[in-house]
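Chemist: Use these hints to put chain B onto chain A, whose structure you have.
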Amino acid sequence: DAGVIQSPRHEVTEMGQEVTLRCKPISGHDYLFWYRQTMMRGLELLIYFNNNVPIDDSGMPEDRFSAKMPNASFSTLKIQPSEPRDSAVYFCASSFAESEAFFGQGTRLTVV
Amino acid sequence: GESVGLHLPTLSVQEGDNSIINCAYSNSASDYFIWYKQESGKGPQFIIDIRSNMDKRQGQRVTVLLNKTVKHLSLQIAATQPGDSAVYFCAEGGQNFVFGPGTRLSVLP
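Quick mapping for you: the protein sequence lines, in order, are chains A and B. Sequential numbering of the first sequence, starting at 1, is according to the working numbering. Sequential numbering of the second sequence, starting at 1001, is according to the working numbering.
Hints are supplied without guarantee of correctness; some may be wrong.
Label pairs and their calculated CB-CB ranges [said to hold, decoys possible]:
(1) S66/A - Q1095/B: 19 to 25 Å
(2) S1040/B - P70/A: 30 to 36 Å
(3) R1104/B - S66/A: 32 to 38 Å
Simulated crosslink set (DSS-like; lysine-lysine; CA at most 25 Å straight-line) [unchecked claim]:
(4) K24/A - K78/A
(5) K68/A - K78/A
(6) K24/A - K1042/B
(7) K78/A - K1042/B
(8) K24/A - K68/A
(9) K1056/B - K1071/B
These are computed hints drawn from the structure, not numbers from a lab. Nothing here was measured: the structure is a model prediction, and the numbers come from that model. All C-beta atoms, glycine included, are put in the ideal place defined by N, C-alpha and C.
One chain only, chain A, in its complex shape:
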């Protein structure tokens, strides 16, 4: 398996634009997580899904952020409208049956 695949690896966008980050979890995994990593806050859990259903989105910073998982092999994290303070590295991770989570390489988002 190629592991968790995220795209794009880097994204530079202007303030106010919509940003969509994509994730393909490891096949067979039933949990999917979205994290944000910054110097100020470290690694923060934004939302996680179990069997494609959002379980806990209490980490989503505000209504500008939304996440979907239309099927077991794909998830998106959308920011609309984006702001400079959203600049961070966003990680997707997946796991099976509450065992260790495997992380993607991350998407480095810069909002100017």
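Modeler: This is chain B only, laid out in the frame that chain A set:
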């Protein structure tokens, strides 16, 4: 210059020495713990895990110790190598994963 942010504890060790990285957790109900390694520009990588019914688990060059009484975890790396230089995170597992702030390990030649 670097922006103000989390002050990561840093551990500097001589190549070949053993390293011990510590972590405190808060939830006494947590029953699964994981150590991750994050190298620059990469995602966190699983190193070793331990369940609460154990107090020690060994891997290749790594050992995790769990003290549930004081809610403390440690990661021991034997014969530390330059490739071990990274940020190390402990995480409380379960349905979700809550990460600690991390410790930067710097291996000196």
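Chemist: Determine for every hint whether it applies to the structure shown.
Modeler: Verification of the hints:
Remark: the range hint 19 to 25 Å for S66/A to Q1095/B is upheld by a beta-carbon distance near 21 Å. Between S1040/B and P70/A the C-beta distance comes to about 33 Å, which sits within the given range of 30 to 36 Å. The given range of 32 to 38 Å is respected by R1104/B and S66/A, whose C-beta atoms sit roughly 33 Å from each other. Pair hint K24/A plus K78/A holds up; C-alpha atoms about 15 Å apart against a cutoff of 25 Å.
Restraint check for K68/A and K78/A: the C-alpha separation of about 8 Å stays at or below 25 Å, so the hint holds. This hinted pair checks out: K24/A and K1042/B have alpha carbons roughly 17 Å apart, not beyond 25 Å. Of the pairs offered as hints, the one joining K78/A and K1042/B holds, with about 22 Å between alpha carbons and a cut-off of 25 Å not exceeded. Under the criterion of a C-alpha separation no larger than 25 Å, the hint pairing K24/A with K68/A is consistent with the structure, at around 12 Å.
Simply put, K1056/B and K1071/B have alpha-carbon atoms about 14 Å apart, close enough for the 25 Å limit, and the pair holds.
In summary, the structure agrees with every hint in the numbered list given earlier.
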